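> Those sequence lines, one after another, are chains U and D.
When you number the first sequence by the working numbering, it's gap-free, plus one each residue, and the end is 329.
When you number the second sequence by the working numbering, it's gap-free, plus one each residue, and the end is 1104.
The set of hints was computed from the structure by calculation and includes no laboratory data.
Certain hints may be false.
Stated by the list, open to error - Quick look at which bits of chain U chain D covers, simulated, 3 or more residues with Cβ under 8 Å:
hint: 1; segment: 23-37
hint: 2; segment: 89-102
hint: 3; segment: 179-192
hint: 4; segment: 195-207
hint: 5; segment: 269-281
Stated by the list, open to error - Residues on chain U that point at chain D, a partial pick, calculated with CB under 10 Å:
hint: 6; residue: Q14
hint: 7; residue: D53
hint: 8; residue: A164
Computed from a predicted model, the values in this text were never measured in an experiment.
Positions of the beta carbon are idealized from the N, C-alpha and C atoms, including for glycine.
Residues per chain, in single letters:
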Amino acid sequence: MADREFVFSDPAVQRLIREKFIPLAMDDWYLRRQKDAQGKFFMEMTRESPRGDVGEGTRQGRYVFTAGGKFLGFNNNRSPERLLAMLRESLGRWEKLPATDRAVPGDLGNVVREARYERRPPVGGAVVKVYTRVLERGADGALRAVSEPERKEDDFRHRGLEAAVDHLWLTAEDLKALLPKDGAPVGVAMAVPRVIGQRVARYHLVDGTRGEPPHWSREEVKVAEFSVIPEGNGRAKLKGRVKMETADGKRGFEGELEGEMVYGGGRLERFEAVVIGEHWGESALTAGARPGRSPLGFAFRLSEGKRPADVIPPQAARWLEGYYEPDRN
Amino acid sequence: MGGPCVRGGKGIDGVCVGGDDGCMMRNLLLLAAIGMMAHGGVTPTRAEGQTRGELMAVIEPGERGEAWLEIPWETDLTVARRKAAAAGKPVFLWEMDGHPLGCT
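Let the sequences and hints guide you as you build the complete structure.
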């Protein structure tokens, strides 16, 4: 998240990347494991980089390379100036390459990923953006985003005050079970299918504002009650309450959901919900939490799916079966 | 709120809500908590008077928070290589353990 804030929101970085490069963002967890053509290409390309000797370890960072796989530059620093310098140096190397080295040798063929690492949004289902933000109470008592403390120009320390983002995937089967049938009695609450409630609670109501969050285990979900209340004419309210807590009580979240959906023909047309509650604790990858219990908010909104950034998989979908069947795994 | 009741109580989500003396204190605490939840249907953190739309606006990133998406990121290596070859440009890869466009 710090990279988004400090590096890729910088106008000079954005301009240079847009004008001179084809920008690509990928999850190293998948790519370094793939034994297919993409994985092999990536491992071969990074061989000459500073990450070339890490074996099976992480290769995260920023790389510049040719379409044919020639490595041109690497950087893994939050200073926009240092990234700009690396980009310019890489362009210098690119310009000195003979034309044959800039081109792709042969046809790239179709994209065929190793099946176990293939992740595509569910056909006939829905993708819902899930945003998470730490909150505070203003003088008027209203909840608001935590105000950013003053920072020095070269201070790229990540404070976790921006909105984190993940994606909730709902299958066609999920929608069939979630959406009220024609003639469902107005105002009578129906329980949200357990598989959806558990997926939301375990994998999406997590504090990802300071790094990769641990997901809740089945045992840590103490309460996950969600209901749909039909309002007629393809509209319904959503209500719910959750409580998750580790066995030692050191980390947890407790909150309530309120939302609304509009649907028709078995498809979601609108889905908006908020979960407001209190979070406490941190984990190895999410250090720096505020002390004690503090307000945390989640916003769910149906994604239009127009940008590549809208169709990347949920963080918890690395184990896809576990993601889709959270009440069994 | 302690562990599950092991003698006589009826469990809700693994917490004792009735039955024997050993659970009395936990029962009282639980009833108090349920009472707080039932009062207006809100948790103690929920700000009274804020609509769902207002809360979503507070939580969602907005234009400033999504400035990094002004870069037209590709998310498939082969597609990016193909585009790079056609455009006569190198590829810039942002690679993270956890997808850079959405896991935190």
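> Hint by hint, say whether it matches the structure.
So, going through the hints one by one against the coordinates:
1. 23-37: holds (count 9)
2. 89-102: holds (count 4)
3. 179-192: violated (count 0)
4. 195-207: Contact hint for the segment 195-207 of chain U vs chain D: violated, 0 residues under 8 Å.
5. 269-281: Result for this restraint: holds, n = 6.
6. Q14: Nearest chain D Cβ about 6 Å off; hint holds.
7. D53: violated (16 Å)
8. A164: holds (5 Å)
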